[in-house]
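Asker: Protein chains in written order, with the working numbering: chain A, 1 to 584; chain B, 1 to 287; chain C, 1 to 125.
Please note that the accuracy of each hint is not assured.
Claimed, not checked - Just a few of them, taken from the derived set where beta-carbon distance is under 8 Å, the chain A residues facing chain C:
1) Thr-41
2) Arg-129
3) Trp-136
4) Met-179
5) Leu-186
6) Phe-271
7) Gly-273
Keep in mind the hints are simulated off the structure, nothing from the lab.
Positions of the beta carbon are idealized from the N, C-alpha and C atoms, including for glycine.
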Amino acid sequence: MTDVITPPATSGGIDLPDEHAPVAAHGHEEHGPSGLLKWLTSTDHKVIGMSYMITSLVLFYVAGIMALIIRLQLASPNSSLVDFQQYNQLFTMHGSLMLYLFAGPFAFGGLANYIVPLQIGAPDMAFPRLNALSYWLYLTGSIAMMSSFLVAGGAPSFGWVSYAPLSNATNSPGAGGDMWIMAIALTGFSAIFTGVNLVATIFYLRAPGMTMFRMPIFTWNMLVTALLILIAFPVLTSALIMLFCDRHFGTHIYSVVGGGSPILWQNLFWFFGHPEVYILALPYFGIVTEVLPVFSRKPVFGYKGMVFATMAIAALSTGVWAHHMFTTGAVLLPFFSLLTLLIAVPTGIKFFNWIGTMWRGQLQMTTAMLFCIGFLFVFLIGGITGVMLGSPPIDFFVHDTYFVVAHFHNVLIGTAVFAGFAGIYYWYPKMFGRMLDERLGKWHFWLLFIGFWITFMPQYVLGLKGMPRRVAVYPDNLGWQIYNQISTVGAFIIAASFAIMLWNLWISWRRPVLAGDNPWDAHTLEWFTTSPPPHHNYTHLPPIRSERPTWDANHPDAPALEHGHPRQSPNGSRKGGERKVGTH
Amino acid sequence: MPAGGPSTSVAPVDTPTAGTPPDGPNLNPRRPRSHRWAIAASLAVPLVLAGCQVPSFGAYKGVTKQANDSFKLWQGFFIGSLILGGIVIALIVWAVLRYRRRSDEIPGQTQYHTLFEITYTVIPVIIVLVLFAFTVVTENEVTATPKGNVAIQVTAFQWGWQFYYPATGKAVQGVLSEDPQMVVPTGETVNITLKSADVIHGFYVPEFNFSQYAQPGYDNHFNFTPLHNGTFRGQCTQLCGLYHSLMVFSVKSVPPAQFQAWVHQVPAGHASLNQLKAQIAAKGPGA
Amino acid sequence: MLLLGVGVFFGLIGTIYWFTAYEDGGTMMLVGTCLLGLLPGSYYFYWHRRMPVRPEDRDDATMEDGAGTIDSFPGSSIWPFVIGMSAFLITMGLVFGFWLALPGVGLLLTALAGVTAESRRGGTV
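With the hints as constraints, model all of the structure from the sequences given.
Answerer: Below, the structure written as structure tokens:
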């Protein structure tokens, strides 16, 4: 049934009489469906967001196991743990699951769905049924993708980028590839609908006083991500439809025979593919920008700079797609090289703003904060190697080697894993009303951080030595084995860290430690409501006069300095800390 | 550091003259410096192990003229990265260690500093333009294709290589791990035309610091000038199907006279590509 | 304004690309993106000037300014699930055979009817 929502009562935490109370509070939940049917029919953005997050995390673990098998295979030069076909399938599916089914959906389908309406004071997303549809498309797409293992011929083996002509019917026959195409079409539409929803919600459902430049940076990043989704995913879907036609309807779009061009596939795919990695990265940048200020006890440094940097990154990212194609000999090298190198500038601005946020703060090393700091180190190295790759002469000798593999794992793990788990540890209390264990969280972090470097630094070396990627075996007389073995050990350390995460989740349910509304003394609007939030999110809202409404409500004597300068620090209230932050 | 003290410890970022990282005096004797060094070491050790083999930083110096150009660019980029990355890492480490929570006092709520922000926008742009300029120069050298002494047609196919010398009709081919060998003259410029018979493959010789795609319907052209005699390993880098991992070849550079003798020995007939592919099908995996 | 900016930016980049790269695919994609920005952006720009400032865009707005009905938010609805399943069946039908797509199309038509009725009636059908 439909809820007609009136906005919640006014400020100061005072409950005003009934005429201002939201209509939704009148017990309609008692009449609604329950159990499985409730889940199938829910349009509540929190339920949908949670479904996305759980599904994507399950797929993350599945893809992680695939990675472990890959690393086991590579630990010895001529291993026959898996055969060539299985190996090709493994890395194809590992990449596809991680990129199409985990990193993106977790961020924009899961976290954004849950958090963005809360952060802007909205009762739900603008199109709740469309939101639900997005989730069902995502779930069915994931099922289709995983089911490709079960069909004759097995899962696709042409790499997550499925270059033509390798992916055509002659070279990769079988239903597996078609399932893969359909799965991505389904999840692609899921993403497009979520993008539409996010843009509409952010433009139209902000609470009074929540102007665009008072929105939290996470929400800003999601807005920009949503626009990128709308730019990139339709191109992917179209390219996939054309690929399907080539495979089944006798067209020759990507094959030379009929006058087509395999390079066209690359152009189309990477026009999607490069913005895609920024679609993956920007939400996670947003998470970092949420967590760092809270645990530095200061506002975000350079808010407007952050907003414009995010826009600049997104804008530039749509113009650099062919840096994945430098070795085709068919692209205009200087154009793409310059734009690629330029992306380092707004990213650098963000980095300095993050450091500026921490500077002269009171840093609390909670698990979420540790993951963010880990992100800073990891992404820095990944970003630097990205700049190197942006230079064609360098790209010529590291392209398609383990250098690239190390680079993209560097940036993707930095964002989706480090920053993503920072988000999980940060928002878990809000979503579930209970805390995750800090000690276990720190074990998770340190094992992951150490394991990460052990896994991927040797891969940079391997790439420079000339080991190509996507190989199941390698020569035993080139000295590559030792690096591969170190890398495999690192992979298992990472696996151990994720086992600890599961344990942490488990005990938070068995032995809950209750969280209040705002255990971290955080700044943004979602911390004003209960943990977990009620059905339409807010029963009352504080006045919104800055980008930190909850902080302003709790610390009226420590407002942000209007003309910030590190020298004039008239130190804020002496009696800060009315709310003790829960560092265990 | 006294309150509102000198801003020298807040190093204006990115100037290469920043010198030593802003470590500052150890103001909290209860927090030993060794703690700081332990963390720095645990970060540095994997980085060092990862291949900072000064001064090549892990890459091959290269055996062709073009490879040497790319190598120098690599060194430049790497040194720049060390400096910039080092500054940023130092800033992060400093912030993390120096500003750990000491009390519940709320710190100064600085929101922005326009001068800093402009500085760390403009300086990176300049750095990027410098990197780009060097890139373009090297790129033009590496991709130049003036006419050379020897022309070779390289055809990649699933899963082997054919090297054809049109001048004399000599052809060398091999499948899977048979490692067909391309012979070239040292000191002379070789023109390569790179083709594919089926899917996209990658022609990659690590010691040439170079790779390029072999694509159906689109020929690529590049040059190289070997500077030393020797045998150099090559492999396919672009996923091309089942036996992608086994598509090896090599390039052997010999004195010109020896090359001329070799290239004129043309045996009668050679297997066509289709025959080669049939060989692969017959051999099965693990050839 | 944001969208207009997007449109102008891509118009510029697309033009530069067209003249430097002579490459059709990329140029078309950049032109498409330009339109993506210009079309809604112009629409918003036109109407923005003719409308009063909304409470969420005013610095000093209070909660009372936003009082009243915000919007209609459909509660539980089975139709998204049904549409999702129908999409799944249709796509699998393309892969495995049209017989699979037929129930998918049937479900889709039912769902479209159901969603429309639900919106009009304001409740689950």
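Asker: Verify the interface restraint on Phe-271 (chain A): the C-beta must sit less than 8 Å from at least one C-beta of chain C.
Answerer: Holds, because the Cβ-Cβ distance from Phe-271 (chain A) to chain C comes to roughly 5 Å (cut-off 8 Å).
Asker: Less than 8 Å between beta-carbons is the criterion; does Thr-41 (chain A) satisfy it with respect to chain C?
Answerer: At 4 Å from the nearest chain C Cβ, Thr-41 (chain A) passes the 8 Å test, so the hint holds.
Asker: At a threshold of 8 Å, is the proposed contact between Leu-186 (chain A) and chain C supported by beta-carbon distances?
Answerer: holds, 6 Å
Asker: When the nearest CB of chain C is found for Trp-136 (chain A), is that gap smaller than 8 Å?
Answerer: With Cβ-Cβ at 2 Å, under 8 Å, it holds.
Asker: Taking the closest Cβ pair, is Met-179 (chain A) under 8 Å from chain C?
Answerer: holds, 6 Å
Asker: Does Gly-273 (chain A) meet its interface restraint, that is, does its C-beta lie within less than 8 Å of any C-beta in chain C?
Answerer: violated, 12 Å
Asker: Can we keep the Arg-129 (chain A) interface hint, with Cβ of chain C closer than 8 Å?
Answerer: At 5 Å from the nearest chain C Cβ, Arg-129 (chain A) passes the 8 Å test, so the hint holds.
Checked against the numbered hints above, the structure violates only hint 7.
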